[in-house]
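Kindly generate the complete structure, drawing on both the sequences and the hints.
Protein chains: 2
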Amino acid sequence: MIVNRNYFYSLLLLLSFSFSDLIAQVPEHAKPATTNINQNGCPCIFQDNRVLFTVNAPEATKVQLDLGQLYDMSKNDKGVWSVITNPQVPGFHYYSLVIDGYKFADPASESFYGTGRMASAIDIPEDGVDFYNIKDVPHGDIRSQVYFSKTTGTWRNINIYTPPGYDKNPNKDYPVLYIQHGGGEDERGWAVQGKTNFILDNLIAEGKATPMIVAIPNGNATKPGVNARGYNDEAMAVFKEELFENIIPFVENNYRVKSNAANRAISGLSMGGGQSFFTGLRNTDVFDYVGVFSTGLFGGIREQASFNAEAVIPGILTNPKSFNDNLKLFYISVGEQDNRIDPTKKMVETFKNKGLHVEFASFPGDHEWQVWRKSLHDFAQRLFK
Amino acid sequence: MIVNRNYFYSLLLLLSFSFSDLIAQVPEHAKPATTNINQNGCPCIFQDNRVLFTVNAPEATKVQLDLGQLYDMSKNDKGVWSVITNPQVPGFHYYSLVIDGYKFADPASESFYGTGRMASAIDIPEDGVDFYNIKDVPHGDIRSQVYFSKTTGTWRNINIYTPPGYDKNPNKDYPVLYIQHGGGEDERGWAVQGKTNFILDNLIAEGKATPMIVAIPNGNATKPGVNARGYNDEAMAVFKEELFENIIPFVENNYRVKSNAANRAISGLSMGGGQSFFTGLRNTDVFDYVGVFSTGLFGGIREQASFNAEAVIPGILTNPKSFNDNLKLFYISVGEQDNRIDPTKKMVETFKNKGLHVEFASFPGDHEWQVWRKSLHDFAQRLFK
Numbered sequence: 001m002i003v004n005r006n007y008f009y010s011l012l013l014l015l016s017f018s019f020s021d022l023i024a025q026v027p028e029h030a031k032p033a034t035t036n037i038n039q040n041g042c043p044c045i046f047q048d049n050r051v052l053f054t055v056n057a058p059e060a061t062k063v064q065l066d067l068g069q070l071y072d073m074s075k076n077d078k079g080v081w082s083v084i085t086n087p088q089v090p091g092f093h094y095y096s097l098v099i100d101g102y103k104f105a106d107p108a109s110e111s112f113y114g115t116g117r118m119a120s121a122i123d124i125p126e127d128g129v130d131f132y133n134i135k136d137v138p139h140g141d142i143r144s145q146v147y148f149s150k151t152t153g154t155w156r157n158i159n160i161y162t163p164p165g166y167d168k169n170p171n172k173d174y175p176v177l178y179i180q181h182g183g184g185e186d187e188r189g190w191a192v193q194g195k196t197n198f199i200l201d202n203l204i205a206e207g208k209a210t211p212m213i214v215a216i217p218n219g220n221a222t223k224p225g226v227n228a229r230g231y232n233d234e235a236m237a238v239f240k241e242e243l244f245e246n247i248i249p250f251v252e253n254n255y256r257v258k259s260n261a262a263n264r265a266i267s268g269l270s271m272g273g274g275q276s277f278f279t280g281l282r283n284t285d286v287f288d289y290v291g292v293f294s295t296g297l298f299g300g301i302r303e304q305a306s307f308n309a310e311a312v313i314p315g316i317l318t319n320p321k322s323f324n325d326n327l328k329l330f331y332i333s334v335g336e337q338d339n340r341i342d343p344t345k346k347m348v349e350t351f352k353n354k355g356l357h358v359e360f361a362s363f364p365g366d367h368e369w370q371v372w373r374k375s376l377h378d379f380a381q382r383l384f385k
Numbered sequence: 001m002i003v004n005r006n007y008f009y010s011l012l013l014l015l016s017f018s019f020s021d022l023i024a025q026v027p028e029h030a031k032p033a034t035t036n037i038n039q040n041g042c043p044c045i046f047q048d049n050r051v052l053f054t055v056n057a058p059e060a061t062k063v064q065l066d067l068g069q070l071y072d073m074s075k076n077d078k079g080v081w082s083v084i085t086n087p088q089v090p091g092f093h094y095y096s097l098v099i100d101g102y103k104f105a106d107p108a109s110e111s112f113y114g115t116g117r118m119a120s121a122i123d124i125p126e127d128g129v130d131f132y133n134i135k136d137v138p139h140g141d142i143r144s145q146v147y148f149s150k151t152t153g154t155w156r157n158i159n160i161y162t163p164p165g166y167d168k169n170p171n172k173d174y175p176v177l178y179i180q181h182g183g184g185e186d187e188r189g190w191a192v193q194g195k196t197n198f199i200l201d202n203l204i205a206e207g208k209a210t211p212m213i214v215a216i217p218n219g220n221a222t223k224p225g226v227n228a229r230g231y232n233d234e235a236m237a238v239f240k241e242e243l244f245e246n247i248i249p250f251v252e253n254n255y256r257v258k259s260n261a262a263n264r265a266i267s268g269l270s271m272g273g274g275q276s277f278f279t280g281l282r283n284t285d286v287f288d289y290v291g292v293f294s295t296g297l298f299g300g301i302r303e304q305a306s307f308n309a310e311a312v313i314p315g316i317l318t319n320p321k322s323f324n325d326n327l328k329l330f331y332i333s334v335g336e337q338d339n340r341i342d343p344t345k346k347m348v349e350t351f352k353n354k355g356l357h358v359e360f361a362s363f364p365g366d367h368e369w370q371v372w373r374k375s376l377h378d379f380a381q382r383l384f385k
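Here the protein sequences come in this chain order: R and Y. Position 82, counted from 1, in the first sequence is what the numbering used here calls 82; the numbers after and before it change by one each time, with no gaps. Position 244, counted from 1, in the second sequence is what the numbering used here calls 244; the numbers after and before it change by one each time, with no gaps.
Check the hints yourself; a few may be wrong.
When chains are identical, the list treats them as one kind, so a pair holds in a single copy or across two.
No more than 35 Å apart at the CA atoms, straight line, and that leaves these computed lysine-lysine pairs for DSBU-like [as the list claims (entries may be wrong)]:
1. 223 <-> 135
2. 328 <-> 150
3. 135 <-> 208
4. 385 <-> 103
5. 208 <-> 62
6. 346 <-> 172
7. 150 <-> 223
Keep in mind that the hints were calculated from the coordinates and are not lab data.
Dropping the structure here:
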């Protein structure tokens with residue numbers, strides 16, 4: 001069977017003006033999710049945060065929804081499969097459709113680079129929480145750029161948030177936060193899922209954050225011939241090299257930045273939290289601010305009870321004063337439903353007992369973006385003051 | 001069945017350091033496509049441009065590949081489905097996987113907003129064609145911004161290409177090209193699929209294009225209560241209002257631009273070519289340059305033999321001098337395998353016979369991005385000189 005491409009595009013030309021015909025029926029008291037695309041009515045969210053998902057797949061024999069919990073969908077006489085989920089907690093949840101056991105992204109939703117592929121997600125609004133919404137305040141940009149990495153030997157993408165007024169104040173220099181995504185994500189994580197620009201725009205408009213640049217790189221750097229695994233020395237050396245020899249010089253050569261430790265922060269989530277822990281604490285001459293969000297380093301996954309902070313960061317338990325003197329902020333956060341919370345709290349307690357200054361925060365939620373948006377919102381207010 | 005999210009992320013944390021384990025076997029003489037993500041080996045392209053696609057779906061009973069032509073895939077004893085396609089023409093092709101008749105994006109490839117959803121695509125390199133590759137030349141930015149549209153009543157995204165040196169020359173003003181995507185696409189089309197930034201970076205480095213800003217808006221504007229369909233008066237009025245009352249003021253208020261007709265161009269592809277035809281030719285006091293790429297307006301789809309240029313653009317056939325005097329360039333292009341080519345050539349012939357100045361170009365290819373990349377590459381060299 002040959003499908004004529006022109007016919008396909010002709011159809012699109014027509015459809016582009018009549019997409020409303022395609023909108024799935026949205027039940028009363030439900031609203032289309034903001035993560036839907038192309039005016040799709042569903043997924044749609046009920047007032048109690050149950051969500052209706054629909055899939056028009058008349059020929060399929062088994063369709064499921066994987067939203068952390070796996071739901072079987074049922075088919076109506078028009079071949080449309082649907083399910084109404086349990087009430088969802090607020091925030092951003094990756095999900096998949098599953099046909100015959102094969103997982104893929106839902107064409108009705110926006111896709112995001114996460115879980116190692118372009119994945120669907122649904123963003124459930126949280127009552128009274130609007131710090132990451134677009135508001136009528138001055139807006140910064142997210143600038144997509146490329147740089148050549150001498151470490152990886154490739155051109156790489158980086159996103160850079162510049163605060164409102166950056167272009168209109170050409171003599172003003174800014175501090176920089178270097179922020180890292182999690183495993184299976186890339187430089188799009190903080191720029192898209194994380195809503196870094198709107199969080200910073202709103203904080204700056206309220207006078208709660210110092211106007212800053214946020215560099216949002218791709219932390220998945222590899223170096224030919226180097227066996228970098230997990231947080232081993234090779235992996236941390238490659239990450240540091242990519243950051244110190246490529247990313248920071250790129251940012252400092254191309255943006256008007258204040259180039260000293262007092263004006264540099266490093267933070268990240270999950271895998272990026274671990275990278276920030278190692279790279280920040282091992283280089284307190286480079287960064288005065290270190291933020292570690294939801295890392296599994298301290299335990300909670302794979303029974304990492306063996307983590308020895310002193311072994312990887314010499315002096316952190318035996319000479320905390322050198323860290324207290326050289327850091328303005330060491331910040332750790334985690335979700336309250338994340339199984340990393342107990343070991344994280346225990347680690348924080350150990351640090352505090354040894355006299356290390358550490359600020360700890362927890363937020364409702366699992367190992368998900370809502371916690372990381374809140375972590376950034378909290379952390380950013382404490383920087384460069 | 002409950003899938004624990006933490007387990008999922010723990011797995012990712014591990015995987016993020018060992019993705020090489022996941023790479024599908026790439027046959028000798030084949031190379032992974034540049035559109036693959038996450039170090040996936042396939043889709044992979046043989047030297048003769050046949051492509052191997054693989055899908056690991058052991059439980060599925062029927063898997064197909066829709067690459068314009070529909071291919072049945074076959075399953076091996078490990079549950080991996082595969083197919084080797086016919087040789088593909090160079091360029092960017094949207095494609096889908098199909099299981100049980102349901103089409104969706106391939107998790108092995110990058111997804112792009114096109115065909116009204118996040119769609120997979122494969123980019124087949126063209127021998128000797130590198131004008132859209134990343135090269136070691138000064139690079140501009142793609143800036144993602146938001147503006148509030150009084151027309152649609154919503155916040156909307158826009159991408160803005162700024163040329164190399166924009167930040168370092170704060171007293172220099174630039175001309176602007178306003179460029180429109182096609183049906184089923186949005187402001188990501190020219191920024192991502194179109195590679196506008198690399199095309200302009202390379203042309204500027206070679207001294208072949210005047211440094212310019214390229215505004216890449218979302219042309220799918222709708223206005224509450226207005227029944228805009230196809231190219232009817234209401235649709236063209238809404239598009240014009242969005243462009244003239246929202247987008248152009250946003251660009252001119254936020255960027256250092258030369259704000260006169262001599263320094264404004266409008267162009268677009270397919271649906272966006274039609275929008276540019278109407279809006280450019282009806283407003284020659286605003287734009288000195290009009291580019292129409294692969295529009296179906298002149299025919300080739302749905303037997304649009306009824307198109308009457310004089311009726312929609314009064315004077316275009318009866319008073320061509322007023323257009324010749326008020327436009328520096330009226331440019332039309334189309335793909336040589338696009339079924340729009342014959343009616344487009346006929347329309348160009350009619351224009352020329354009436355004495356209207358029009359530049360015509362055709363490029364090998366169907367109704368696809370490779371033709372539009374070449375159209376921009378050609379058109380951009382003719383602007384603002």
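### Query
Between the shortest in-copy and the shortest cross-copy C-alpha distance, which are at most 35 Å for residue 150 and residue 223: within, between, both, or neither?
within (9 Å within a copy, 49 Å between copies)
### Task
Could you figure out if residue 385 and residue 103 sit no more than 35 Å apart (CA to CA) within one copy, between two copies, both or neither?
For residue 385 and residue 103, the Cα distance exceeds 35 Å both inside one copy (46 Å) and across copies (52 Å).
### Message
Please sort residue 208 with residue 62 into within, between, both or neither, judging by C-alpha distance up to 35 Å.
### Response
Intra 51 Å, inter 56 Å, cutoff 35 Å: neither.
### Homo-oligomer pair classification [residue 172, residue 346; C-alpha up to 35 Å]
This pair counts as neither: shortest intra-copy Cα distance 42 Å, inter-copy 56 Å.
### Within, between, both or neither, where residue 135 and residue 208 count as close if Cα-Cα is 35 Å or less
within (15 Å within a copy, 41 Å between copies)
### 35 Å Cα threshold - placement of residue 135 relative to residue 223
The answer is between: 21 Å across copies meets 35 Å, while 42 Å in one copy does not.
### Query
Is the C-alpha distance from residue 328 to residue 150 at most 35 Å within one copy, between copies, in both cases, or in neither?
within (31 Å within a copy, 45 Å between copies)
The structure shown violates the earlier hints numbered 4, 5, 6.
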